[in-house]
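Kindly generate the complete structure, drawing on both the sequences and the hints.
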Amino acid sequence: GALLIEECKNGTRPKSQEDREGCDYYCMNNSTSQWDRFFFGDNEKCFYKEGNLKGTCKQGNCYLDDDTPKDKPKNTDNGDDNGNDDGDEEEEEEEEEEERKM
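No gaps in the numbering here: position 85 of the sequence shown is 85 in the working numbering, and each next residue is one more.
Hints should not be assumed to be uniformly reliable.
To be verified - Taking lysine-lysine and the DSS-like style, the derived pairs with C-alpha atoms no more than 27 Å apart in a straight line are:
| # | residue 1 | residue 2 |
| --- | --- | --- |
| 1 | 45 | 58 |
| 2 | 45 | 15 |
| 3 | 49 | 9 |
| 4 | 54 | 9 |
| 5 | 58 | 15 |
| 6 | 15 | 54 |
| 7 | 45 | 9 |
| 8 | 9 | 58 |
| 9 | 15 | 49 |
To be verified - Label pairs and their in silico Cβ distance ranges:
| # | residue 1 | residue 2 | range |
| --- | --- | --- | --- |
| 10 | 42 | 7 | 17 to 23 Å |
| 11 | 66 | 22 | 17 to 23 Å |
| 12 | 30 | 52 | 23 to 29 Å |
| 13 | 43 | 7 | 17 to 23 Å |
To be clear, the hints were calculated from the coordinates, so they are not data collected in a lab. C-beta: ideal position from N, C-alpha, C; glycine also.
Shown next, in the form of structure tokens:
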């Protein structure tokens with residue numbers, strides 16, 4: 001639905017946007033006939049329906065809570081911590097992690 005102009009400002013979640021996923025929304029700017037992008041405030045609760053993911057808005061991004069169910073992760077992870085897909089032995093990975101901490 002169309003939003004009233006006074007509802008559209010950064011740091012707010014208008015009533016009409018309670019079902020909006022993520023942390024941003026768009027309002028029609030009648031003077032430019034363009035869609036303007038706005039962001040919910042920091043610490044506003046956010047969610048994604050797919051996977052029932054819940055989080056908190058920070059700087060316009062939805063950071064997922066740690067207790068969110070992980071049955072449908074948003075990224076792909078093959079379990080290889082260093083991401084180079086070379087089939088490292090676990091012992092070698094642990095040694096590398098220790099070296100990085102120093």
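Hints, verified against the model:
A hinted pair counts as satisfied when its Cα atoms are at most 27 Å apart, and residue 45 with residue 58 qualifies at roughly 10 Å. Between the alpha carbons of residue 45 and residue 15 the distance comes to roughly 14 Å, so the proposed pair stays at or under 27 Å and holds. Proximity of residue 49 to residue 9 is assessed by CA-CA distance (about 24 Å); at most 27 Å being required, the pair is judged to hold. Simply put, residue 54 and residue 9 have alpha-carbon atoms about 23 Å apart, close enough for the 27 Å limit, and the pair holds.
This hinted pair checks out: residue 58 and residue 15 have alpha carbons roughly 20 Å apart, not beyond 27 Å. For the proposed pair residue 15 and residue 54, the alpha carbon gap of about 19 Å is at most 27 Å, so the pair holds. For the proposed pair residue 45 and residue 9, the alpha carbon gap of about 17 Å is at most 27 Å, so the pair holds. Taking the CA atoms of residue 9 and residue 58, the gap is about 16 Å. The hint holds against a cut of 27 Å.
Distance check on the hinted pair: residue 15 and residue 49 sit about 18 Å apart at the alpha-carbon level, within 27 Å; holds. Checked against the hint of 17 to 23 Å, the pair residue 42 and residue 7 passes, with Cβ atoms roughly 19 Å apart. Checked against the given bound of 17 to 23 Å, the beta carbons of residue 66 and residue 22, roughly 19 Å apart, stay inside it. Restraint check, residue 30 to residue 52: a C-beta distance of roughly 36 Å breaks the suggested window 23 to 29 Å.
Between residue 43 and residue 7 the beta carbon distance is about 20 Å. The supplied range of 17 to 23 Å therefore holds.
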